[in-house]
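Q: With the hints as your guide, set chain B onto chain A.
Read top to bottom, the protein sequences are chains A and B. The working numbering puts the first residue of the first sequence at 181, with every later residue one more than the last. The working numbering puts the first residue of the second sequence at 181, with every later residue one more than the last.
Calculated directly from the structure, the hints in this document are not laboratory data. Check the hints yourself; a few may be wrong.
Identical chains share a label here; the pair holds if one copy fits it or two copies do between them.
Listed below are the simulated BS3-like cross-link pairs for lysine-lysine, each with C-alpha atoms no more than 27 Å apart in a straight line [as the list claims (entries may be wrong)]:
no. : residue 1 : residue 2
1   : Lys229    : Lys507
2   : Lys182    : Lys196
3   : Lys222    : Lys472
4   : Lys407    : Lys223
5   : Lys229    : Lys182
6   : Lys309    : Lys208
7   : Lys182    : Lys407
8   : Lys201    : Lys256
Number of protein chains: 2
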Amino acid sequence: MKNFNYHNPTQIVFGKGRLTKLDGLVPKNSRVLVLYGGGSVKKYGTLEKVLRVLPGREIFEFGGIEPNPQFTTLMKAVVLVKQHNIDFLLAVGGGSVMDGTKFVALAANYDGDAAELLTDRGSVAAVTKTIPIGTVVTLPATGSEMNAGGVVSYAGGKLVFSSPLVFPVFSILDPVLTYTLPAKQIANGIIDTFIHTVEQYVTFPAEGRFQDRTAEGILLTLIEIGKKTIDEPTDYDARANLVWCATNALNGLIGAGVPQDWTTHMIGHELTAMFGIDHGETLAILQPAIWKVRKQQKREKLLQYAERVWNITAGTDDERIDAAIAKTSQFFQELGASTSLSSYDIGENDIDAVVQALEKHRLTKLSETGEVTLAISREILLAAL
Amino acid sequence: MKNFNYHNPTQIVFGKGRLTKLDGLVPKNSRVLVLYGGGSVKKYGTLEKVLRVLPGREIFEFGGIEPNPQFTTLMKAVVLVKQHNIDFLLAVGGGSVMDGTKFVALAANYDGDAAELLTDRGSVAAVTKTIPIGTVVTLPATGSEMNAGGVVSYAGGKLVFSSPLVFPVFSILDPVLTYTLPAKQIANGIIDTFIHTVEQYVTFPAEGRFQDRTAEGILLTLIEIGKKTIDEPTDYDARANLVWCATNALNGLIGAGVPQDWTTHMIGHELTAMFGIDHGETLAILQPAIWKVRKQQKREKLLQYAERVWNITAGTDDERIDAAIAKTSQFFQELGASTSLSSYDIGENDIDAVVQALEKHRLTKLSETGEVTLAISREILLAAL
Chain A
181 MKNFNYHNPT QIVFGKGRLT KLDGLVPKNS RVLVLYGGGS VKKYGTLEKV LRVLPGREIF
241 EFGGIEPNPQ FTTLMKAVVL VKQHNIDFLL AVGGGSVMDG TKFVALAANY DGDAAELLTD
301 RGSVAAVTKT IPIGTVVTLP ATGSEMNAGG VVSYAGGKLV FSSPLVFPVF SILDPVLTYT
361 LPAKQIANGI IDTFIHTVEQ YVTFPAEGRF QDRTAEGILL TLIEIGKKTI DEPTDYDARA
421 NLVWCATNAL NGLIGAGVPQ DWTTHMIGHE LTAMFGIDHG ETLAILQPAI WKVRKQQKRE
481 KLLQYAERVW NITAGTDDER IDAAIAKTSQ FFQELGASTS LSSYDIGEND IDAVVQALEK
541 HRLTKLSETG EVTLAISREI LLAAL
Chain B
181 MKNFNYHNPT QIVFGKGRLT KLDGLVPKNS RVLVLYGGGS VKKYGTLEKV LRVLPGREIF
241 EFGGIEPNPQ FTTLMKAVVL VKQHNIDFLL AVGGGSVMDG TKFVALAANY DGDAAELLTD
301 RGSVAAVTKT IPIGTVVTLP ATGSEMNAGG VVSYAGGKLV FSSPLVFPVF SILDPVLTYT
361 LPAKQIANGI IDTFIHTVEQ YVTFPAEGRF QDRTAEGILL TLIEIGKKTI DEPTDYDARA
421 NLVWCATNAL NGLIGAGVPQ DWTTHMIGHE LTAMFGIDHG ETLAILQPAI WKVRKQQKRE
481 KLLQYAERVW NITAGTDDER IDAAIAKTSQ FFQELGASTS LSSYDIGEND IDAVVQALEK
541 HRLTKLSETG EVTLAISREI LLAAL
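One chain only, chain A, in its complex shape (with noise of 0.2 Å):
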């Protein structure tokens, strides 16, 4: 096991009307910005429901925070908070939305051009105080209300950052709150966790025992309740275990002390930047494609993969692994997704400029070992056709 840190501060209420707690956890007399997306959290009633149970804050509203949030938008945000002295965050919505949020808490507080923060780890350092935030999650799938990242646009990139000043207070789970989302939405947050967790998983074997058995739980879980909560939405323990996992695959405890892969992510932010891929779909047709091309370097983890999430026995060692990587797309595809750029319309000719793409994000050393370089990228998204 590799040496290091867990720290997560982060509160977790967790359940059915939970919502009520809210007054407890926002401080009174605080001046509070509620930040949102596209308007289902006011189609839905969470909104209303979130400001009824706040008497006594001055409440201001940032809504239209779009799905793989911009800087621009956000940066409105940011004028707002200055503009009202605001003191509380509260981000209302999924992925982007929290991920916009923790962005415009650090941008309030920092000096100088606010893009340096997604460009320079530098510069995420500098800033020593956010404003702090709350969150009510409405779309299990980032993780990002258990976490201090987050990704946000900027000049045709999709860029990360990350500070432990942005973990949140606290964090609302009310799987109800969940029960109206879209299918496809559901789809593609079922798959963001599963990726998550092989990110933290499928790399090397590093004698994580406890962090390897969680990871394929959430996998298990995952496989076990994924169909059914998108067929039945309104099955509250399926949900549950959804939105519960959804957590726990990135709040940081299945990936300490063991290696991670993240060029799934980073591959995937450059397909939803350039092609406007769903993030949860471009994972679901990078994945199978990673394995196939790196199926040497994790082998001993994809063989454990093999037979402990998929049950997996007969065979060699290649055929274990191909049946296992099959059946990882089998499961993407029953929840609806494709494996394969060709069905988006993508071919041979589009892969150049996705690999420059992630030169010019200065993504050419990818991988638990860092050797994923742009050759390889390529020929990862060759597989991937």
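A: Using the frame of chain A, we list chain B on its own:
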């Protein structure tokens, strides 16, 4: 899944050589009381190493915290804290030292008779601030390094307390510091971790799939590495897996949103208080007996435990459950523990006194359902003979 709150703010610093991080974790210019146990931290140089990396603080020492720490001992530390205006407590040791330090932090900030903190929950809730605590863990077992509870011996009993104010600010977990522990203490630590896990898992089904699988991951890991880390104490990875499992078995993670049954610990505390049997040993005696007596109530989870943890799939339901209980006893025995009261010269005539102690401590409705009355506790003790 049940509704739950989960909040664990302790920072974990895990791995080889992490003691040097203390200098960045203990506030500069603080007045630190270092608390420890019976001298092994002196004998093996851990205390010296700790003091060496804390320049610039005024350091005071309080040694001699015994296993099952006594109220009267801890109150002497409280006097020191007040006398020297201590503003940071550093526990260097195992569960007893950490639990004792938590109690000192509370007692030093309680206006009444500190014994009330052990006999009246309202008294604990009345404490609104404490002295921050850090820990350097030398014995993996209790999980105290990352939770908000403790156990203190008072008036012939072992009494439990809990307050979110006593979460350690940080805990340093260096598996190497545990190499010098006697085999028996490691065995006790493995058993304690195992029992913490089953107490939050072998109850009744509650659709906590992530929680169940994480619990099973801890149990499977303990079975894999338990004997090995006793036989080869300097095998880093085996010991690191034990240490990290011990923490995760009782940091709130696996118990969030699922039923819990602390019968084993509660009856075990009486056996330790009355007969001086080690804490871990009491658990090894009681757990198989509890499962035999409450087989019907725990049927579904015992079958799940049999299959997923011990891979027992053949036979009738009762046969599979019996086999799983036998496997559990055998595992404890292979670690060197006994699984019967009689091996400690405790007979049928002693049971009345144990039941009376449970009654005195108002432990008359134990288990996940509250249905373990004194009569059933007696039955369990008889089954443990």
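Q: Each hint should be assessed against the structure and marked as holding or not.
A: Results for each hint:
1. Lys229 to Lys507: So lysine 229 and lysine 507 fail the 27 Å test inside a copy (42 Å) and across (52 Å) alike.
2. Lys182 to Lys196: between (38 Å within a copy, 9 Å between copies)
3. Lys222 to Lys472: neither (44 Å within a copy, 54 Å between copies)
4. Lys407 to Lys223: within (26 Å within a copy, 58 Å between copies)
5. Lys229 to Lys182: Between copies only: 22 Å across, 45 Å inside.
6. Lys309 to Lys208: Intra 20 Å, inter 20 Å, cutoff 27 Å: intra and inter.
7. Lys182 to Lys407: This pair counts as between: shortest inter-copy Cα distance 22 Å, intra-copy 36 Å.
8. Lys201 to Lys256: Intra 29 Å, inter 41 Å, cutoff 27 Å: neither.
The structure shown violates the earlier hints numbered 1, 3, 8.
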